[in-house]
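Q: Residue numbers (the numbering used here), protein chains in the order written: chain D, 1 to 346; chain B, 1 to 346; chain R, 1 to 346; chain S, 1 to 346.
Calculated directly from the structure, the hints in this document are not laboratory data.
No false leads were slipped in.
If several chains are the same, the list does not tell them apart, and a pair holds so long as it fits within one copy or across any two.
With a straight-line cut-off of 27 Å between C-alpha atoms, the simulated DSS-like cross-links for lysine-lysine are:
1) K68 - K125
2) K125 - K79
3) K188 - K40
There are 4 protein chains.
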Amino acid sequence: MLKVAVVGASGYTGVELLRILYAHPEVAVTCVTSEQNAGKPVSSVFPTLRGRIDLPLENLEPIGISEKVDVVFTALPHKAAMEVVPTFLKMGKDVVDLSADYRLRDADIYGQWYEKHMNPELLSKAVYGIPELRRDVIREASLIANPGCYPTSTILGLAPLLKNKLIDPKSIIVDAKSGVSGAGRGAKVDNLYCEVNEGFKPYGVGGVHRHIPEIEQELSILNGAPLAISFTPHLVPMDRGILATIYSTPLKSATAAELVELYQAFYDGEPFVRVLPEGSFPSTAFVRGSNFCDIGVTVDQRTGRIIVVSAIDNLVKGASGQAVQNMNLMCGLPETLGLDFLPIFP
Amino acid sequence: MLKVAVVGASGYTGVELLRILYAHPEVAVTCVTSEQNAGKPVSSVFPTLRGRIDLPLENLEPIGISEKVDVVFTALPHKAAMEVVPTFLKMGKDVVDLSADYRLRDADIYGQWYEKHMNPELLSKAVYGIPELRRDVIREASLIANPGCYPTSTILGLAPLLKNKLIDPKSIIVDAKSGVSGAGRGAKVDNLYCEVNEGFKPYGVGGVHRHIPEIEQELSILNGAPLAISFTPHLVPMDRGILATIYSTPLKSATAAELVELYQAFYDGEPFVRVLPEGSFPSTAFVRGSNFCDIGVTVDQRTGRIIVVSAIDNLVKGASGQAVQNMNLMCGLPETLGLDFLPIFP
Amino acid sequence: MLKVAVVGASGYTGVELLRILYAHPEVAVTCVTSEQNAGKPVSSVFPTLRGRIDLPLENLEPIGISEKVDVVFTALPHKAAMEVVPTFLKMGKDVVDLSADYRLRDADIYGQWYEKHMNPELLSKAVYGIPELRRDVIREASLIANPGCYPTSTILGLAPLLKNKLIDPKSIIVDAKSGVSGAGRGAKVDNLYCEVNEGFKPYGVGGVHRHIPEIEQELSILNGAPLAISFTPHLVPMDRGILATIYSTPLKSATAAELVELYQAFYDGEPFVRVLPEGSFPSTAFVRGSNFCDIGVTVDQRTGRIIVVSAIDNLVKGASGQAVQNMNLMCGLPETLGLDFLPIFP
Amino acid sequence: MLKVAVVGASGYTGVELLRILYAHPEVAVTCVTSEQNAGKPVSSVFPTLRGRIDLPLENLEPIGISEKVDVVFTALPHKAAMEVVPTFLKMGKDVVDLSADYRLRDADIYGQWYEKHMNPELLSKAVYGIPELRRDVIREASLIANPGCYPTSTILGLAPLLKNKLIDPKSIIVDAKSGVSGAGRGAKVDNLYCEVNEGFKPYGVGGVHRHIPEIEQELSILNGAPLAISFTPHLVPMDRGILATIYSTPLKSATAAELVELYQAFYDGEPFVRVLPEGSFPSTAFVRGSNFCDIGVTVDQRTGRIIVVSAIDNLVKGASGQAVQNMNLMCGLPETLGLDFLPIFP
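Let the sequences and hints guide you as you build the complete structure.
A: Written out as structure tokens, the structure reads:
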């Protein structure tokens with residue numbers, strides 16, 4: 001039985017970790033932290049947990065926490081993570097970090113998009129945790145940089161094409177749409193019910209969203225050479241879900257059937273990637289609450305472009321579910337343990 | 001390992017049964033039926049299931065089905081259920097019926113609210129399956145009449161008061177609110193997104209909703225004498241959830257604290273009923289996707305009335321989750337097996 | 001052409017006033033205020049207004065404002081209103097106050113529910129502005145206390161019964177449901193999209209909501225004697241709309257048809273109250289964006305209780321629309337001027 | 001006073017026409033039709049209209065209708081429109097057709113995407129009614145082909161770029177998102193609340209949506225040569241609104257500021273197009289219920305692509321509002337008459 005801490009348990013990825021870990025047969029959550037709610041039971045912050053997880057929220061004291069757990073999930077804002085992760089590592093703990101702090105290999109790029117990195121020496125040790133692409137390295141890692149929600153859907157959507165050099169890497173356009181939980185639980189007017197409900201809008205237009213360097217880093221690895229993409233995120237009036245519609249120009253023509261076959265072969269045996277049959281496309285509704293990434297692919301008859309559509313639950317495969325998948329690998333457990341639950345519909 | 005059939009698998013309670021049963025460690029779903037989609041994989045009707053439950057939907061042939069399963073869930077409209085349940089019983093199967101067909105003990109009352117009953121002799125054998133009130137009888141039953149969603153929330157909300165004769169039974173008013181999945185998956189203009197979204201309305205006003213006789217039957221048993229209630233259902237623009245706000249006049253005054261204590265004692269040890277502390281009240285958001293029934297109780301300072309608020313997920317504790325709870329009892333399994341998952345939030 | 005100020009223009013009732021007044025043929029909005037956004041164009045706070053109302057938001061200086069307008073709408077929180085209303089009145093302006101500050105005739109009651117009143121001498125001059133019940137007095141007033149959203153729906157729903165002494169005044173239970181805009185535009189976690197969406201819950205349970213004294217004051221006037229009610233508000237995941245389901249015990253029995261006739265006679269000729277035919281009940285969806293109050297009434301066959309259902313748009317008939325209706329009366333304009341627009345559906 | 005018929009008044013564009021026309025000072029709606037509801041008052045189909053528009057729905061008899069009106073709006077499905085429009089024209093009526101039947105100049109293309117055209121000789125007489133691009137011709141027309149919702153947002157979004165030959169016409173990708181009212185009021189499982197709510201999905205992926213030929217026809221005219229686009233529509237869980245995110249490659253580089261200036265000049269004086277300042281982008285929430293088209297434009301710093309975002313209310317500028325705008329022009333009325341209302345927010 002692994003003893004686990006959820007550091008930063010008062011946000012949406014935190015409570016989702018607790019939901020998943022509660023049902024995990026090899027995990028006992030023994031520590032939850034929240035600076036602003038310290039002392040209260042976590043179930044007073046999230047009444048869904050009442051009667052099942054009533055642990056008191058603790059202050060974030062890395063040494064004390066390390067003494068009582070085996071694995072640490074850091075579900076903190078960026079910067080807050082890199083302030084504590086080194087201590088957890090020094091104490092010999094396995095860490096799955098859900099922030100952006102260890103996702104970029106290059107500290108300068110981190111500096112451009114976020115701020116000066118506090119422990120750049122860890123960047124080369126951290127493993128960007130997409131199990132479908134990097135399973136073996138994850139098994140050996142002690143620090144997982146858990147991917148962002150947009151990057152997960154985009155990278156899984158494009159990997160078969162880039163890996164097989166089927167598309168012009170300069171042609172990639174990712175039009176992405178996210179549910180509101182991706183914006184976190186901070187009290188901001190912009191995220192009030194009446195501001196978001198019954199509206200649809202883009203944000204970060206023009207290539208400025210912080211998930212871009214992370215996406216480009218991973219796509220460049222797949223591509224074998226640097227590339228740049230157009231990426232535009234949008235906000236959908238719903239709680240959960242990310243759907244990315246991805247456009248690219250093929251280097252040589254392929255039919256929809258051939259592309260579907262390629263994707264099915266690429267993801268053959270993957271427990272959480274479902275490649276849809278030709279003519280079917282994903283909906284976030286069909287992955288909600290699950291660790292699935294559903295992918296559909298076709299060719300635009302009029303222009304020859306390849307269109308890939310990928311959908312995940314941003315809080316599961318895009319955050320907490322993938323984090324547990326990474327933990328399973330890192331800790332030598334079966335990869336799907338505690339994660340093989342079905343989407344909730346409706 | 002129990003082999004289980006879900007008869008009527010193309011509705012919302014059907015797919016919710018499949019979601020729950022998939023994660024149940026002692027169940028294998030081996031048969032799913034749907035007249036209108038026979039031949040197709042159930043995952044083509046509900047893409048959430050894709051890759052995990054791809055069983056073909058079968059026609060509803062009770063004898064053939066009985067030969068390959070141990071337990072049958074009938075998630076059919078009323079009337080359709082009583083056409084097949086007798087056969088399943090004759091074949092020696094345990095049946096959990098989610099329709100209204102076996103909920104009323106009195107065939108005449110069934111006739112008034114529905115239509116002439118086809119096998120009234122079964123009504124005395126059927127057990128109205130609220131485990132919190134009737135656990136031992138359920139264990140011995142072979143036919144469970146799984147309660148309706150409104151009745152579950154109302155009966156659990158009122159049981160401690162009526163059982164302890166604390167309220168005037170003539171004073172009960174139940175103002176109930178349901179998410180849209182309660183209306184089923186039929187193609188009706190009234191249930192279109194644009195008709196329901198951004199609106200709130202009552203329906204069945206004036207004491208005409210078909211769940212009333214069922215509620216009154218069970219409350220009358222608790223009360224030890226017949227009673228009649230005012231019951232008004234409303235439609236909430238959300239997928240899941242029922243919340244009942246229940247008003248009654250106490251026979252002698254009690255404080256909120258005393259009432260909370262009474263409820264906590266009454267439901268002490270119950271795995272799925274959570275009585276909230278004084279001053280806290282339920283939200284459907286905090287039970288969504290789970291088998292919990294959350295209950296809060298207080299006294300209206302200005303009028304002395306007792307106000308009880310109970311909330312469930314109509315598809316789980318109000319239908320498929322309770323059905324599995326009943327199956328567990330009926331089949332000698334631990335009552336919470338496969339049901340101890342947390343609500344999904346947000 | 002009336003020159004009008006909207007004081008407190010950065011909240012939802014403020015922007016709704018601007019939407020309505022923009023289309024009003026006898027009004028020019030010449031001043032808008034907001035302390036926290038002073039200096040910015042109001043259209044930067046509400047982009048809906050862009051290109052049509054780009055007035056700069058001003059600081060709240062009552063004397064300066066008075067010099068340039070004829071009528072002042074104060075759409076401020078309670079307390080903030082009573083700090084400035086006396087000055088506007090001294091400057092000879094007509095004031096429609098949308099806060100709670102002048103709604104209660106009794107300063108002590110105001111003190112119990114809010115805080116010590118700063119200018120209690122104005123309470124007897126203020127007119128509680130429900131035009132359907134107090135049209136003539138409103139015409140003569142210079143200070144209108146614009147009713148709250150819950151009170152409007154409740155009072156209009158009960159007036160015919162109480163005025164005609166048809167019900168037991170001790171029997172009244174009001175189960176009310178509101179869209180989220182009623183909670184205002186403050187940045188609070190409780191009102192975030194993901195906290196509210198897909199959930200339904202009560203709040204202020206037990207007779208503690210601040211609209212209660214206002215409702216009881218007006219119902220007591222109609223009743224000719226003091227009364228107390230049970231009032232429970234709930235939050236509906238939608239932007240706009242209030243629906244009140246009102247239960248009471250008749251003093252002598254009446255049929256649904258007789259009650260509908262009574263209501264139709266009572267509201268005969270009223271431009272904004274629509275009494276529905278027997279068997280029809282309101283939905284907030286059918287009044288959204290309009291100044292209508294829709295009312296349905298029936299008798300619960302099983303218990304004899306009368307059930308009234310009334311629905312309004314909380315931002316229109318429950319706030320800004322009614323405020324303009326009051327302004328029209330106070331300023332000698334046709335009562336429906338600028339208000340005779342249809343609900344928006346879907 | 002123009003006498004107007006709304007033919008096909010039981011759909012969402014029909015009721016939206018009635019909402020707008022009710023407030024139009026020079027219009028009296030004297031006839032409404034619906035085959036399936038003939039005989040009932042239109043307000044029984046849409047209770048929003050109750051007490052204001054209670055006209056009985058008539059059968060669709062073009063000659064009889066022509067005798068009592070001056071202008072006809074046909075809000076019918078395709079094919080149903082071309083069965084009756086010729087008669088209205090023969091009777092000398094002005095017609096605004098909201099269907100697709102007269103939007104394509106080429107009967108063969110219509111045949112490929114819809115079916116064989118019944119009166120192709122009318123195609124050259126019909127004017128594709130985008131006032132911003134074709135105001136003078138609309139004034140002289142007697143048959144307006146009112147544009148589709150997706151085409152309106154796309155064409156207005158791209159006109160300044162194509163007209164000024166600033167982009168590679170082969171590079172255009174339109175990623176479009178629509179609220180659910182665009183799917184109409186037919187009783188289909190796919191459009192049920194629980195199927196649509198809390199999900200986001202594409203449809204018609206691969207260049208197969210019927211609005212494509214219409215968009216390409218108009219863009220080709222602007223371009224001065226034929227072009228083909230990639231167009232992918234998506235369904236957003238909200239009632240109203242279309243937002244198009246449009247990607248293209250510039251022929252020579254331009255800054256965001258230059259592009260904004262270009263757009264502002266192009267649409268200078270247009271009453272219903274609002275070009276947003278640099279760095280601002282539209283939301284459907286800020287045009288809801290209004291005839292505005294909001295447009296933002298910028299350059300993707302990483303790839304040099306131009307990104308245009310345009311938003312409309314699909315039922316107003318995308319259908320019924322634009323239809324009234326066209327009627328105003330055709331009938332010699334001020335273009336904005338009855339249309340200068342503000343968006344409703346929240």
